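Undergrad: Listed below are the residues making up each chain.
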Amino acid sequence: MSDKIKSTDSTLLLECRGIDKSYNGPMVLSNVDFSLKRGEIHALVGENGAGKSTLIKIVTGITNRNAGTMVFEGHSIPLEHNKNAAERLGIAVIYQELSLIHGMSVAQNIFLTKEPLFAGLPVIDIKKMNAMAQQMIDRYGFNLKATDIIDQLPIAQRQTVEILKALSNKASLMIMDEPTSSLTATESVQLFKIIRLLKSEGITVVYISHRMEEVFDLSDRVTVLRDGKLVSVLEKDEISPAEIIRLMIGRALTEDESHHRMVRKEGEVVIEVNNLCSQGKLKDVSFKVHKGEVLGFGGLVGSGRTELMRAIYGIDAFDSGSITYLGKPYVPSVEKSIAGGYGFVPEERRLQGIMGAISITGNIGIANLDSISSRAGFVSGTKERERAQQAIALLNVRPPNPDVLVGNLSGGNQQKVVVGKWLIRDLKLLIVDEPTVGVDIGAKEEMYQTIEHLSKQGVAVIVVSSDLPELTRLADRIIVLRKGRIIKEFIDGTVTEEEVLRAASGIIEGSAQ
Amino acid sequence: MKAFNWRQLLLDLRLFWILLLLMALLSVASDRFLTIDNLTNVLWSVCLIGIMCTGAIYAPITGGIDLSVATIAALAGIIANLLMNVCDLNWLLAIAITLGIGVLIGWVNGIVTTKFNVPAFIVTMAAKTYLFGIAMLVSNGDQITIMQPKAFLAIGIDKYLGIPIPIYLMALLVVFSHLLLKHTVFGRQCIAVGANEVAAKLSGVNPDRTRIIAYIISAVTASIAGIVMASLTQQAYAMNATGYEFDVITAIVIGGTSLMGGNGSVAGALIGAVMVGFINNGLNLLDMPSSYHPIATGIVILVALIMNQGVSLPGFIKRLRRPDRAPGQTASQ
Chain A
1 MSDKIKSTDS TLLLECRGID KSYNGPMVLS NVDFSLKRGE IHALVGENGA GKSTLIKIVT
61 GITNRNAGTM VFEGHSIPLE HNKNAAERLG IAVIYQELSL IHGMSVAQNI FLTKEPLFAG
121 LPVIDIKKMN AMAQQMIDRY GFNLKATDII DQLPIAQRQT VEILKALSNK ASLMIMDEPT
181 SSLTATESVQ LFKIIRLLKS EGITVVYISH RMEEVFDLSD RVTVLRDGKL VSVLEKDEIS
241 PAEIIRLMIG RALTEDESHH RMVRKEGEVV IEVNNLCSQG KLKDVSFKVH KGEVLGFGGL
301 VGSGRTELMR AIYGIDAFDS GSITYLGKPY VPSVEKSIAG GYGFVPEERR LQGIMGAISI
361 TGNIGIANLD SISSRAGFVS GTKERERAQQ AIALLNVRPP NPDVLVGNLS GGNQQKVVVG
421 KWLIRDLKLL IVDEPTVGVD IGAKEEMYQT IEHLSKQGVA VIVVSSDLPE LTRLADRIIV
481 LRKGRIIKEF IDGTVTEEEV LRAASGIIEG SAQ
Chain B
1 MKAFNWRQLL LDLRLFWILL LLMALLSVAS DRFLTIDNLT NVLWSVCLIG IMCTGAIYAP
61 ITGGIDLSVA TIAALAGIIA NLLMNVCDLN WLLAIAITLG IGVLIGWVNG IVTTKFNVPA
121 FIVTMAAKTY LFGIAMLVSN GDQITIMQPK AFLAIGIDKY LGIPIPIYLM ALLVVFSHLL
181 LKHTVFGRQC IAVGANEVAA KLSGVNPDRT RIIAYIISAV TASIAGIVMA SLTQQAYAMN
241 ATGYEFDVIT AIVIGGTSLM GGNGSVAGAL IGAVMVGFIN NGLNLLDMPS SYHPIATGIV
301 ILVALIMNQG VSLPGFIKRL RRPDRAPGQT ASQ
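If you read the protein sequences in the order shown, they are chains A and B.
Quick note, in this note's numbering, the first sequence goes up one by one and the last residue is 513.
Quick note, in this note's numbering, the second sequence goes up one by one and the last residue is 333.
I should point out that these hints are in silico values taken from the structure, not numbers from a laboratory.
As the structure is a computational prediction, the values presented were derived from the model and not from experiment.
It is possible that some hints are incorrect.
As a list, the in silico DSBU-like pairs of lysine-lysine whose alpha-carbon atoms are at most 35 angstroms apart [stated by the list, open to error]:
#	chain 1	residue 1	chain 2	residue 2
1	A	K383	B	K182
2	A	K336	B	K159
3	A	K265	B	K201
4	B	K182	A	K281
5	B	K201	A	K444
6	A	K236	A	K193
7	A	K283	B	K201
8	A	K281	B	K201
Cβ-Cβ distance ranges computed for the label pairs, FRET-style [to be verified]:
#	chain 1	residue 1	chain 2	residue 2	range
9	B	M260	A	K145	34 to 40 angstroms
10	B	A126	A	L117	39 to 45 angstroms
11	A	H102	B	I122	18 to 24 angstroms
12	B	Y292	A	R17	57 to 63 angstroms
Glycine included, C-beta positions come from ideal geometry on N, C-alpha and C.
Given only the sequences and the hints, what does the whole structure look like? Please build it.
TA: Here you go:
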């Protein structure tokens, strides 16, 4: 069904055939065909480890393929491709980790290394550069000024600058890797507009995302990879989220994810928060979490969700209010919280969760020093390894080798390590903030099952998420925050994603507001 | 059980092979090199650097640096002499007080670095400057000769089984520091803070406390080195050990410790210190004029670091010659 592409088709911008790649060992890509039409939005999907990143690295010349042909705009690209050559050909990547220079202005970033010079002298013509940048910005109707400094722009606008930078390089192919992972819903919609604008200019966009709805909305065609092999290329009329997921994981998802019924669980109270206030962040927040309950927190980014979690874990102090933990008044501090049975999975895995240059053992051990060391402060290497292996087995971390550096694991497996270090403790309350950002579908499902399993064992779980299907799937009760206040609580029955989103955006009928 | 990995072992001991290679070269070049007397001499000369390394390594492991160790050592010698020969205190008590002052200096370095958020580079650079001032003030800028007590002077001069006492001291501190880093809660915490301070904090580590202790350890081992130095040279002088901080950092870096934090090897730092010692020793044996010494040292350090990155010479040349041409050009051939 995938073999619809005729060779030497003039509508094709890029045509890769029979791409093989291995990094000293197992094949990461084998015999993969990948082709892009001019001016299409083409989604590249697959689980983490399916070979998406490697394929992109080959196209952009960051790494070389072992075999196969690549033709870009009629030029055949030799095996020894490289990054500069790819840029000169017009292949641009909009990076997931943005590659802009922070202290510089928008114009300076766009024209970096190709600044217009003043009368042929080696002096930058700043006026001209700003004017040229502003002209580009206006042409696309972006809400930016050429003289804005990057630091002061929100992430979404920085991404726009990246796109402008690529446009100034006369890119005919733009590759976007998880571009919406750190954007709010509104910002994402804005980005989709820009992507469609690029398409109308004849630019081809390769779109990589784990969010199926986006892929479904945007794409003209979808290439699905699984285990380094091409599974299928879907045309517009064949695209449906369910079908893509089936092809990606090689089976249909059994769980019915869309209609989770919330259950009221009113056992023993694990944590009770009363009138928590924090200047400029939280106002009068009160809630309880019961044993075995999964409490979801919804709300837009910046609504105070993360601040609330940090306060009850003991990272940031609060101004007034009280907390009762396991029936006793509690003034949280990180060390006390951990000793008392909390677990905390922070929002930004790479910056706050993992120690990338350290092994799985080290990452797990650091939160379990109390149980692997003697009173004199000596760590038992054997116990530490046992604990790591326990966590690896519990969460099915791949590869199951405790000596692997966590930085070398896929996003999903990194997250398993961050969660795993708490699961081997005597856990009573687990707080997870955006648990599945940048995690592939298989690992996502495993994460959900882990949370469900924990709640069955009586652990109270607080889930903070911007991913609405995730929230409605997991939570027994959902609290929505807006501007630091609790604005709505969904207690039982079913809840739809729309209801949560309306509350979070402040569109509520008959609420206290 | 994990299968034993020879290849990994070869890689792990890379630095040791480089050292053996250097020794082999030197023993071919000079027949005076491979004698017990000469080897003992080299170890003796690297003792001060080695002792400083055992503590100074904790600063880079936690993501900082300590540039004040050499000045702390000079000051420690002056203070110890002051306490013994001016205040007439017992030599053991004098040493204890000197080490106590070391703790205080390290604590100040740590507090300013962590609580006031000043980069460690600046804090310890400032400490180096004001501690030098204090050393000049206390010693009147004099080169003081230490004639007594004999027990104090024995630390640097006496031998046991033909080996100087400072070598035993260095060995003891190396073992102690290695155990501290690799097998204790504190060691894990240092590595975690250096690898990712936020992640460490969220896992229950107190990064500030960990860092402060790291600077205290650094200052205390520097003080020990200062006491040994005063005893060995029978001299207390503010300019003693000038520039040693760079030898210490060089040894630590050659030993595979990253200045970015998150890893470290005490044994590696010791090998690094010994390597620098051998180079100087070899140049002496070969009667090279002294101006060549720093040139040779610098080159050997660079080569050792490149080899320690796992880059072979052919690989390096290939890297330099990697072509950078647009694919379109070759396609039109």
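Undergrad: Could you run down the list of hints and mark each one as holding or not?
TA: Each hint, compared with the structure:
Restraint check for A:K383 and B:K182: satisfied, since their Cα atoms lie roughly 14 angstroms apart, inside the 35 angstroms limit. At most 35 angstroms may separate the alpha-carbon atoms for a hinted pair to count; A:K336 and B:K159 exceed this at roughly 51 angstroms. Of the pairs offered as hints, the one joining A:K265 and B:K201 holds, with about 33 angstroms between alpha carbons and a cut-off of 35 angstroms not exceeded. About 41 angstroms separates the Cα atoms of B:K182 and A:K281, which puts this hinted pair outside 35 angstroms; it is violated.
Note on B:K201 and A:K444: the hinted pairing holds, with a Cα-Cα distance of about 26 angstroms set against a maximum of 35 angstroms. Distance check on the hinted pair: A:K236 and A:K193 sit about 18 angstroms apart at the alpha-carbon level, within 35 angstroms; holds. Between A:K283 and B:K201, the direct Cα distance comes to roughly 26 angstroms. Compliance with the 35 angstroms bound is thereby established for this hinted pair. Under the criterion of a C-alpha separation no larger than 35 angstroms, the hint pairing A:K281 with B:K201 is consistent with the structure, at around 22 angstroms.
Here the CB-CB span from B:M260 to A:K145 is close to 36 angstroms, well matched to the stated 34 to 40 angstroms. Between B:A126 and A:L117 the C-beta distance comes to about 43 angstroms, which sits within the given range of 39 to 45 angstroms. The hinted range of 18 to 24 angstroms is satisfied by A:H102 and B:I122, whose Cβ atoms lie roughly 22 angstroms apart. In this structure the hint that B:Y292 and A:R17 lie 57 to 63 angstroms apart at CB holds, the actual value being about 59 angstroms.
In terms of the numbered hints stated before, the structure departs from hints 2 and 4, listed from lowest to highest.
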